[in-house]
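S.K.: Here is what each chain is made of, one letter per residue.
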Amino acid sequence: MGTSHTAEADLSRTVLAARLAAIPGSAEAEEHGDALWIVAPQLDVEAMAREMTALGCRLITMTGLAREDAETTIIYHYCLRQQYVSFKTCTRGGAIASITPTLRMASWIEREIHDFFGVQFVGHPNLVPLLRPPGLKDGFFREAGPRSTPPEQD
Amino acid sequence: MPYTIPIGPYHPALEEPYKLSVRCVGETVQQAKIEIGVTCRVIELLVQKREWVPAVTLIERVCGICSNVHAMTFCRAAEQIAGIEVPARARYIRTIIAELERMHSHLLWAGVAAECIGFHTLFMEIYALREQVMDLLETISGNRVNYGMNRIGGVNRDIPDPAPLIAATQAMAEPIERDIVPAFMNNPTATRRMSGIGPLSKEHAIEWGVVGPMARASGLEIDIRADRPYNAYQELGFKIVTQQAGDVQARVVVRALEMLESVRLVTEALRTIPSGPLRAFEGMPRIPPGEGFAVTEGPRGEAFYYVASDGGTTPTRVKIRTPSFVNVPALEVMIVGQQFSDMPLIQASTDPCVACIDR
Numbered sequence: 053m054g055t056s057h058t059a060e061a062d063l064s065r066t067v068l069a070a071r072l073a074a075i076p077g078s079a080e081a082e083e084h085g086d087a088l089w090i091v092a093p094q095l096d097v098e099a100m101a102r103e104m105t106a107l108g109c110r111l112i113t114m115t116g117l118a119r120e121d122a123e124t125t126i127i128y129h130y131c132l133r134q135q136y137v138s139f140k141t142c143t144r145g146g147a148i149a150s151i152t153p154t155l156r157m158a159s160w161i162e163r164e165i166h167d168f169f170g171v172q173f174v175g176h177p178n179l180v181p182l183l184r185p186p187g188l189k190d191g192f193f194r195e196a197g198p199r200s201t202p203p204e205q206d
Numbered sequence: 006m007p008y009t010i011p012i013g014p015y016h017p018a019l020e021e022p023y024k025l026s027v028r029c030v031g032e033t034v035q036q037a038k039i040e041i042g043v044t045c046r047v048i049e050l051l052v053q054k055r056e057w058v059p060a061v062t063l064i065e066r067v068c069g070i071c072s073n074v075h076a077m078t079f080c081r082a083a084e085q086i087a088g089i090e091v092p093a094r095a096r097y098i099r100t101i102i103a104e105l106e107r108m109h110s111h112l113l114w115a116g117v118a119a120e121c122i123g124f125h126t127l128f129m130e131i132y133a134l135r136e137q138v139m140d141l142l143e144t145i146s147g148n149r150v151n152y153g154m155n156r157i158g159g160v161n162r163d164i165p166d167p168a169p170l171i172a173a174t175q176a177m178a179e180p181i182e183r184d185i186v187p188a189f190m191n192n193p194t195a196t197r198r199m200s201g202i203g204p205l206s207k208e209h210a211i212e213w214g215v216v217g218p219m220a221r222a223s224g225l226e227i228d229i230r231a232d233r234p235y236n237a238y239q240e241l242g243f244k245i246v247t248q249q250a251g252d253v254q255a256r257v258v259v260r261a262l263e264m265l266e267s268v269r270l271v272t273e274a275l276r277t278i279p280s281g282p283l284r285a286f287e288g289m290p291r292i293p294p295g296e297g298f299a300v301t302e303g304p305r306g307e308a309f310y311y312v313a314s315d316g317g318t319t320p321t322r323v324k325i326r327t328p329s330f331v332n333v334p335a336l337e338v339m340i341v342g343q344q345f346s347d348m349p350l351i352q353a354s355t356d357p358c359v360a361c362i363d364r
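Residue numbers (the numbering used here), protein chains in the order written: chain V, 53 to 206; chain U, 6 to 364.
Isolated chain V (complex conformation):
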């Protein structure tokens, strides 16, 4: 795995958008603020992680959001030097594939989302509590938080 800043500079926005759209389960990128957003409920996140790594993109973090249908929206926030890319997808049956086997730095991020929202990251090598205070159950954000978002339009 390596990042070539020259390659990054040469990667035009058009080429980037085309490669992002070619990821299985992906969708067309939309500009929102100063970032590209891809809303793709059926996104193959393992393929996404491999492709973003190949593009030299850096994972900033992942955001979990509780949904009314008991699933969790997961946003993968990436950065390619001067371009931000966010993939928005969701869990299926409370689970989603782990990207930690592809991207080591995702380990703590996925463990945190597991603590807060109870998401099962399938294939995570060590999905044990990271931040969850003793006495609270996995997914305590979902139980304690009064707010949830409606499901994305599939």
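Don't read these hints as lab results, they were simulated from the structure.
Don't take every hint at face value.
Said to hold, decoys possible - Derived Cβ-Cβ restraints for the label pairs, each shown as a range:
hint: 1; chain 1: U; residue 1: Pro-282; chain 2: V; residue 2: Leu-188; range: 40 to 46 Å
hint: 2; chain 1: V; residue 1: Ala-147; chain 2: U; residue 2: Glu-136; range: 48 to 54 Å
hint: 3; chain 1: U; residue 1: Asn-191; chain 2: V; residue 2: Ala-73; range: 39 to 45 Å
hint: 4; chain 1: V; residue 1: Glu-83; chain 2: U; residue 2: Pro-7; range: 52 to 58 Å
hint: 5; chain 1: V; residue 1: Pro-186; chain 2: U; residue 2: Ala-93; range: 44 to 50 Å
hint: 6; chain 1: V; residue 1: Asp-96; chain 2: U; residue 2: Gln-175; range: 51 to 57 Å
hint: 7; chain 1: U; residue 1: Thr-62; chain 2: V; residue 2: Val-174; range: 25 to 31 Å
These figures come from a predicted structure and were not determined experimentally.
Just so it is clear, CB atoms sit at the ideal spot from N, CA and C, and this is done for glycine as well.
With chain V's structure known, arrange chain U on it following the hints.
M.R.: Same frame as chain V, now just chain U:
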């Protein structure tokens, strides 16, 4: 025969509580397991139960060292959702506070590093200088820790008379250049204790996703101030500081040289601060339905805030990714093959902020 030594969660070698379980063979470290969460306050959840104004106050308390960067980044994310344009004078004031905060954070860390290597004279010099930065922050904001400068749409306080602050800021450049930078770069004691210790290659820095001075000390040219200029960095210009060695000494040197760039930025911002309003609007902010994120370069690296609103009086979601959250895990690779006695220095070289990690 390997054995495991627990360090922490409460230990004199750690500035804040977290736990390292270090497996050694003889004096050589083979592996370290990191456990966090001791000081988890669940601020992300608490802030979703506060209105937008007190939310800024709570967010500022994520960290005692880089409090400003948290409040500022949260405000920037909310401003993005609402399409609020921050007045130029407020952008300059935010830049001044952010760079003074970086200076005091880097000086604090440099003092810790000096103490870790037994260089007590240097520790005293550095902390005396840090007090001058704290005095400047107190002069501007009235506070030494949580400055309360940021509000959604601008800043709360003006800098009505920049002239004396310019002189005080410039006065700090000389001791940094004359004493601190050479002490860390050339002093034989410092060099022997830090050169080649706790290495993190450029490839590992990418693999572990480290940010800030840690990344730049491993040769990665990433800095949000240059990559995605915000506040007044576009107008003031900015020079990235990097080193190639990727060891403890490189991390010290990057932070020391960054202080000089901060002095330049603060001085230039104070000299050229435009006149005008301090905030885009008066009264309570109204954040419409939407989502947005902001990224800023804190003292330890990139701070990321995702904020969502349903148009109500409180945020519906606030996600905080602090730089230490991605820097500290890289300790697992930095300590392999190192001497156990160097563990306090190596872990300190990540400038770990556990309050930030745990939130």
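S.K.: If you check each hint against the structure, which ones fail?
M.R.: Result: hints 3, 7 break, sorted rising.
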